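Peer 1: Below are the chains, spelled out letter by letter.
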Amino acid sequence: MESQEGKKEELVPIFIMGKRYEVPASLTIQKAMEYAGYQLIRGCGCRGGICGACGTVYRFPGSYKIEVGLACQTVVQPNMYLAQIPFFPATKSVYDIEKVKPSIETIVKYYPEVLRCLQCNTCTKSCPMDIEVMDYIAAAMRGDIARLAELSFDCVMCGLCTARCPAEICQYNVAILGRRLYGKYILPKAEHLAEMVEQVQKGKYEQMLRELMDTDEETLRKLYNEREIEPDQADEFWEPQDKTYL
Amino acid sequence: MPYTAELKQLIRKVEATRPARIERKRRGEEFPLLSLKEREERLRKYHPDYMEGARKEIRVGVNKGYAVYPEIVNLLEARSRVNPDRVNLNKIDYVTDILILGGGGAGTAAAITAQEKGVKVLLATKLRHGDANTMMAEGGIQAATKGTKDSPYYHYLDVMGGGHFKNDPELVYTLVTEAPKVLAWLESLGCMFTKFPDGRLKSLHGGGTCRKRMHYAADITGAEIMRTLRDEAKNRAEDIKVLEFCPAVELLLNEYGHCAGALLYNLETEEYLLVKAKAVIMATGGSGRLHYQGYLTTNHYGATGDGLVIAYRAGVRLCFLHTYQFHPTGAVFPEQAEGLLITEKFRGAGAHVLNIDGEQFVNEREPRDVESACFIRECTELGKGVPTGTGKVGVWLDSPMIEILMGEGAIKREFPGKYILFKRYGIDISKEPMLVYPTLHYQNGGLEFNSRCETSIPGLFAAGEVTGGVHGENRLMGNSLLDVCVFGRIAGESAALYTKEKFTDGKLTLDHVRKYHKELEEAGIVTDRVAPMLLPDYTNPKVRERQLTTHYLGTIR
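Chains A and R, in that order, give the protein sequences. Letter by letter, the first sequence follows residues 1 to 246 in the numbering used here. Letter by letter, the second sequence follows residues 1001 to 1557 in the numbering used here.
Hint data in this document are derived by calculation from the structure and do not stem from the laboratory. No experiment lies behind these values; they were computed from the predicted model shown. Positions of the beta carbon are idealized from the N, C-alpha and C atoms, including for glycine. Heads up, a few of these hints could be off.
Below, computed lysine-lysine pairings styled on DSS-like, alpha-carbon distance capped at 27 Å [what the hints assert, rightly or not]:
no.	chain 1	residue 1	chain 2	residue 2
1	A	Lys189	R	Lys1056
2	R	Lys1431	A	Lys184
3	A	Lys184	R	Lys1515
4	R	Lys1515	R	Lys1056
5	A	Lys125	A	Lys101
6	R	Lys1412	A	Lys101
7	R	Lys1202	A	Lys101
8	A	Lys184	R	Lys1056
9	A	Lys243	R	Lys1181
10	A	Lys243	R	Lys1202
11	A	Lys101	R	Lys1025
12	A	Lys202	R	Lys1117
13	R	Lys1202	R	Lys1431
14	A	Lys222	R	Lys1518
15	R	Lys1045	A	Lys99
16	R	Lys1045	A	Lys184
17	R	Lys1166	A	Lys99
18	R	Lys1202	R	Lys1117
19	R	Lys1518	R	Lys1507
20	R	Lys1412	A	Lys184
21	A	Lys99	R	Lys1008
22	R	Lys1202	A	Lys204
23	R	Lys1515	R	Lys1008
24	R	Lys1518	R	Lys1500
25	A	Lys92	R	Lys1234
26	R	Lys1234	A	Lys101
27	R	Lys1056	A	Lys92
28	R	Lys1120	A	Lys92
29	A	Lys99	R	Lys1234
30	A	Lys92	R	Lys1500
31	R	Lys1166	A	Lys222
Listing some non-contacts, in silico: residues in chain R with all C-beta distances to chain A over 12 Å [unchecked claim]:
no.	residue
32	Arg1079
33	Lys1181
34	Glu1335
35	Glu1364
36	Lys1418
37	Thr1504
38	Gly1524
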């Protein structure tokens, strides 16, 4: 279980919103808060570092530096004092993905505040995923949608950048606009996919599938066992011997 | 925390066998796959589904006598969180055409297609919109898209074989024929799939596939799909309203026995809210956070099987819930990462699985249940597991092989999420292997439904992990993201059509809850258990002892 079993372990002091608790040194911030007695409702989602629910800021005594992390991924350190920022107000522009163009005009139309960027780099320093946030905002300002999309790809949309931006930009929503523009308009379309959709709609596979559905289990097992398997190291253009069911 | 000196010593054995293994891989020599008969033997002997005490009969409701995991039975044999007599059914807080329960992939896909049919949607979700297992799915999404080597015919065969040929053929037919359309839909929404420069989708093998048809967006395919769908739903905010932190605790029926809404619980203000709807879509997902048999899980915080419980109370049958999917490769080291999903894509890309001697003992691409059973066998009966030093045992997943097979930088490029994560712990997975062990991953079964996403209750539709039948007794990798998109979309369309053609307005009732309570009493089940669980219980028991004036209803304070 993911609970805290009574292990004999070194305890370290941490300060949750300024209040001192002693917690096992090996725990993540998230588990340490539960150990301290919190029942999490906000600030806890996938518990695996991808959903962005548990953005956390912390400092150490005597240090000017604000540190950031995802509570579910960051191990506690002695004397850290921390607060979760599970929600931060953000702008999200409404647009029709079918009608927008992958250009600087789109960015400026929906998020004009990107032009207010001061290039202070606080966003980058606030990113728990080590994304070059300021660089992707700079790409957005240049209308370089591809760069914006690629640089922001690992974004978990936790909102820590937005919480700290002096220009009041909502970086992560600019980023997803950029990625969707890139995915839809700049990356070339998969022609083989369009071809397959057409064949499915024409009913090409209808009869062979209906026959399979009516097949008894024994025959199905035989067909399954005998199906030709694409070799692991085969290249993209491998073709099977038997093309009857293609 | 980086590997200990002991583990580093053991990694030398992996490194010692690696050059020869790479050579074999390059020659196309694979560790032999098990025959269907051998697979069944391994499963029966080593898979947790078959262990003593793994199943218990349900004593009440439409599936009385059906044996499933005891943790689920406990929730089914529990009382409602509310006394139906205290709910004022005349005081309605929200009225909508379609109420969707669950804000993951299936619920969000359903919201989008329903909106396209011109109806108003209210989407209620327990945590935030998008906090769901969909977000966490890493490896990819299956679809036969390359007509020169693959077709829905082969996808169908693979799905059936993976599910032990028990799947519902009509549901599988729908899954595999809708698959290419779903991929095209996602592409048109702007999902950034990993492609060749000419736009051709890159694709890999998954366990149990005969063709490389796993499409992906680096190693965060689910997150890429989820954040795109969520963004799209938000672009339609006029018609798609979202209520976060408001899980459903009961369905509402009407006097004709049709589903007519739900009772929600606002986790923050602790109010109950009544939603009246013309149709309801159940998309509440899975239940890994019930920690069957004490296993760790890859699931998100809210995966507590709520939808199963409330739909069962209303009379929907359960199926295929006697099997649960254990993902072969959950992290067991470092301790902070325990239970964390290590995507199957590592094995799809060629990483071997090795025991303490650095030797292969199973082909790395068996279906998940078989692969898991083989890991458990190696670590228990054969005693060749790797002790983590923190009381756990695991096997090696040789990720550095990928760096050699696919070229330097491949790990960082293809698995950026996992690379960064392990780097934080002081482990470079492009140079050092990972320690893994099976972990609770996917609810193979669930609510009975058909290929139009209808359940036995008119007005109640279902989609995604909460349902059963698509994957039979075992799901293959890459078919869950596909499932939520295919059936989520159908559920949205079917429900929208229902509101226009079949909906009949009637008086709201919670009589099914009263009836269920009575049935519990008649079965002699006297309990203070309540369900749905809503959130797992991770509070410190020592703190609980000191909470002298605190009242818990189930797990919720």
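Peer 1: All hints are to be evaluated individually against the structure, with a verdict given for each.
Peer 2: Comparing the hints with the structure gives:
{"no.": "1", "hint": "Lys189(A) / Lys1056(R)", "result": "50 Å, violated"}
{"no.": "2", "hint": "Lys1431(R) / Lys184(A)", "result": "35 Å, violated"}
{"no.": "3", "hint": "Lys184(A) / Lys1515(R)", "result": "52 Å, violated"}
{"no.": "4", "hint": "Lys1515(R) / Lys1056(R)", "result": "23 Å, holds"}
{"no.": "5", "hint": "Lys125(A) / Lys101(A)", "result": "31 Å, violated"}
{"no.": "6", "hint": "Lys1412(R) / Lys101(A)", "result": "31 Å, violated"}
{"no.": "7", "hint": "Lys1202(R) / Lys101(A)", "result": "26 Å, holds"}
{"no.": "8", "hint": "Lys184(A) / Lys1056(R)", "result": "49 Å, violated"}
{"no.": "9", "hint": "Lys243(A) / Lys1181(R)", "result": "22 Å, holds"}
{"no.": "10", "hint": "Lys243(A) / Lys1202(R)", "result": "21 Å, holds"}
{"no.": "11", "hint": "Lys101(A) / Lys1025(R)", "result": "45 Å, violated"}
{"no.": "12", "hint": "Lys202(A) / Lys1117(R)", "result": "24 Å, holds"}
{"no.": "13", "hint": "Lys1202(R) / Lys1431(R)", "result": "25 Å, holds"}
{"no.": "14", "hint": "Lys222(A) / Lys1518(R)", "result": "49 Å, violated"}
{"no.": "15", "hint": "Lys1045(R) / Lys99(A)", "result": "57 Å, violated"}
{"no.": "16", "hint": "Lys1045(R) / Lys184(A)", "result": "48 Å, violated"}
{"no.": "17", "hint": "Lys1166(R) / Lys99(A)", "result": "45 Å, violated"}
{"no.": "18", "hint": "Lys1202(R) / Lys1117(R)", "result": "33 Å, violated"}
{"no.": "19", "hint": "Lys1518(R) / Lys1507(R)", "result": "22 Å, holds"}
{"no.": "20", "hint": "Lys1412(R) / Lys184(A)", "result": "25 Å, holds"}
{"no.": "21", "hint": "Lys99(A) / Lys1008(R)", "result": "55 Å, violated"}
{"no.": "22", "hint": "Lys1202(R) / Lys204(A)", "result": "24 Å, holds"}
{"no.": "23", "hint": "Lys1515(R) / Lys1008(R)", "result": "60 Å, violated"}
{"no.": "24", "hint": "Lys1518(R) / Lys1500(R)", "result": "35 Å, violated"}
{"no.": "25", "hint": "Lys92(A) / Lys1234(R)", "result": "8 Å, holds"}
{"no.": "26", "hint": "Lys1234(R) / Lys101(A)", "result": "19 Å, holds"}
{"no.": "27", "hint": "Lys1056(R) / Lys92(A)", "result": "48 Å, violated"}
{"no.": "28", "hint": "Lys1120(R) / Lys92(A)", "result": "21 Å, holds"}
{"no.": "29", "hint": "Lys99(A) / Lys1234(R)", "result": "16 Å, holds"}
{"no.": "30", "hint": "Lys92(A) / Lys1500(R)", "result": "32 Å, violated"}
{"no.": "31", "hint": "Lys1166(R) / Lys222(A)", "result": "15 Å, holds"}
{"no.": "32", "hint": "Arg1079", "result": "21 Å, holds"}
{"no.": "33", "hint": "Lys1181", "result": "6 Å, violated"}
{"no.": "34", "hint": "Glu1335", "result": "6 Å, violated"}
{"no.": "35", "hint": "Glu1364", "result": "9 Å, violated"}
{"no.": "36", "hint": "Lys1418", "result": "9 Å, violated"}
{"no.": "37", "hint": "Thr1504", "result": "34 Å, holds"}
{"no.": "38", "hint": "Gly1524", "result": "30 Å, holds"}
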